[in-house]
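Trainee: The chain contents come next:
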Amino acid sequence: MAIDPSEKRRLFERLSNVREVVFGMQDGVLTTAGVLCGLSGAVSDRKQVVLAALASTAAGALSMGAGAYLGTHAETEILGAELEQARREATEQPYVIQESLLNQLGKEGLSREAAYRVVTLLSTSPSALINTAEEKVYGLASGLLSNPIADGVVMGVAFMIGALVPLLPYFFIQSGRQGLISALAATALVLFVVGYFEGWLAHRAQRWRAGIRFMAIAMSAAAAGYLIGLAISPLGAVAG
Amino acid sequence: MLGPGDIAPDFELPCASSGRASKLRLSDSRTDYMTLFFYPRDFSFICPTEVSGFNQALKSFADARCAVLGISIDDVDSHLKWAAELGGIDYPLLSDVDGQIARAYGVFDENEKVALRATFVMRKNRAIMHAVACPFNVGRSVADTLRVVQAITTGRMCPAEWKPGVEFGPQEQKF
Numbered sequence: 003m004a005i006d007p008s009e010k011r012r013l014f015e016r017l018s019n020v021r022e023v024v025f026g027m028q029d030g031v032l033t034t035a036g037v038l039c040g041l042s043g044a045v046s047d048r049k050q051v052v053l054a055a056l057a058s059t060a061a062g063a064l065s066m067g068a069g070a071y072l073g074t075h076a077e078t079e080i081l082g083a084e085l086e087q088a089r090r091e092a093t094e095q096p097y098v099i100q101e102s103l104l105n106q107l108g109k110e111g112l113s114r115e116a117a118y119r120v121v122t123l124l125s126t127s128p129s130a131l132i133n134t135a136e137e138k139v140y141g142l143a144s145g146l147l148s149n150p151i152a153d154g155v156v157m158g159v160a161f162m163i164g165a166l167v168p169l170l171p172y173f174f175i176q177s178g179r180q181g182l183i184s185a186l187a188a189t190a191l192v193l194f195v196v197g198y199f200e201g202w203l204a205h206r207a208q209r210w211r212a213g214i215r216f217m218a219i220a221m222s223a224a225a226a227g228y229l230i231g232l233a234i235s236p237l238g239a240v241a242g
Numbered sequence: 651m652l653g654p655g656d657i658a659p660d661f662e663l664p665c666a667s668s669g670r671a672s673k674l675r676l677s678d679s680r681t682d683y684m685t686l687f688f689y690p691r692d693f694s695f696i697c698p699t700e701v702s703g704f705n706q707a708l709k710s711f712a713d714a715r716c717a718v719l720g721i722s723i724d725d726v727d728s729h730l731k732w733a734a735e736l737g738g739i740d741y742p743l744l745s746d747v748d749g750q751i752a753r754a755y756g757v758f759d760e761n762e763k764v765a766l767r768a769t770f771v772m773r774k775n776r777a778i779m780h781a782v783a784c785p786f787n788v789g790r791s792v793a794d795t796l797r798v799v800q801a802i803t804t805g806r807m808c809p810a811e812w813k814p815g816v817e818f819g820p821q822e823q824k825f
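Chains as they are written, first to last, in my numbering: chain A, 3 to 242; chain B, 651 to 825.
It is worth saying that the hints were derived from the structure and are not from the lab. Hints may be right or wrong, so weigh each one.
[Said to hold, decoys possible] Listed below are the simulated DSS-like cross-link pairs for lysine-lysine, each with C-alpha atoms no more than 25 Å apart in a straight line: (1) Lys-673(B) x Lys-709(B); (2) Lys-109(A) x Lys-731(B); (3) Lys-138(A) x Lys-763(B).
Starting from the given sequences, assemble the full structure and let the hints guide the process.
Mentor: Here's what the structure looks like:
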């Protein structure tokens, strides 16, 4: 059954936070898995490994949340100012905005005459003209304006949830080696699920492939972390 | 861009004139003066104010023994529809589809692939008396073009802001 356009719009608005969820979870899983792998290569005490991973999780969640908040805040401020200027120009110089919209519609395949008629019709409502020009001429859209606090919270929470995945096995499994293997297995599984979910959202036919691709890229980063940990472990021995 | 003192290149182009398709050769003009104005496109939001403006002032231009000719890169069919959209245009709208005439006059914008808003006032022998160009987003003043045509036709020294009824400059400075 075809989805109702207004429902689709609400779906798009909800999906605007998918970036934060996917990015936060993926980063939480990977950073923590990377820390666990790296420390497991360098430190033999399981408690130290867990404590370091917990500290890394807290710092990472706060850092990612703050980063998302600041990034969205800056983006919202800049975009908001640009939209305001575009609206002012459209009010003060409607001819300019009409001409620009006319040219843009022409580039998108409408005949000159058809584009003229569309813009003429839109011009009967100043807000319709301005909203269309914002999207078509400036490539801006008020729908892109996100809530910085929501973005920050979503990113931070997603990071923490992601970070818990490789950490949890360490709480229940005493053996450091088995804990690491379980952490890696859980990490791989979650990364696959995130990739599969992303493929589902993108309506991809081969969602398994999307999951495997996501998992492979992310696990390569974790493997690199482990190798770097192994490489720097002699330095820890020297310092100790 | 061509300017005063240059001889405007002659051309023969298809045109829309009083609701009909025809052809026009510049050198066939029977009036003493001609105003040739280039505009970017039909079906736009700045051009109609000029195209209609020249149409409304057509009698005043005729009184100054000056023909008015509009020219753009649109084809004759577009000109006919555009003229009808504007309620009828009584002077020829010439079709310079490939922009060759605009290039010859030095007023073709190669980036936008349209002519600038350029106006040339010339004598019957195509000697250019006045040339001016505006950016795309600024419409021309038909009243000022008419004022310049009226000033040129006097053959007298016309001070700044001169218009019919205002005193001329010294007779001995007649050019």
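Trainee: Each hint needs a verdict: does it hold in this structure or not?
Mentor: To see whether the hints hold, each was checked on the structure:
| no. | hint | verdict |
| --- | --- | --- |
| 1 | Lys-673(B) x Lys-709(B) | holds, 22 Å |
| 2 | Lys-109(A) x Lys-731(B) | holds, 21 Å |
| 3 | Lys-138(A) x Lys-763(B) | holds, 21 Å |
Comparing the model with each numbered hint stated earlier shows that all of them hold.
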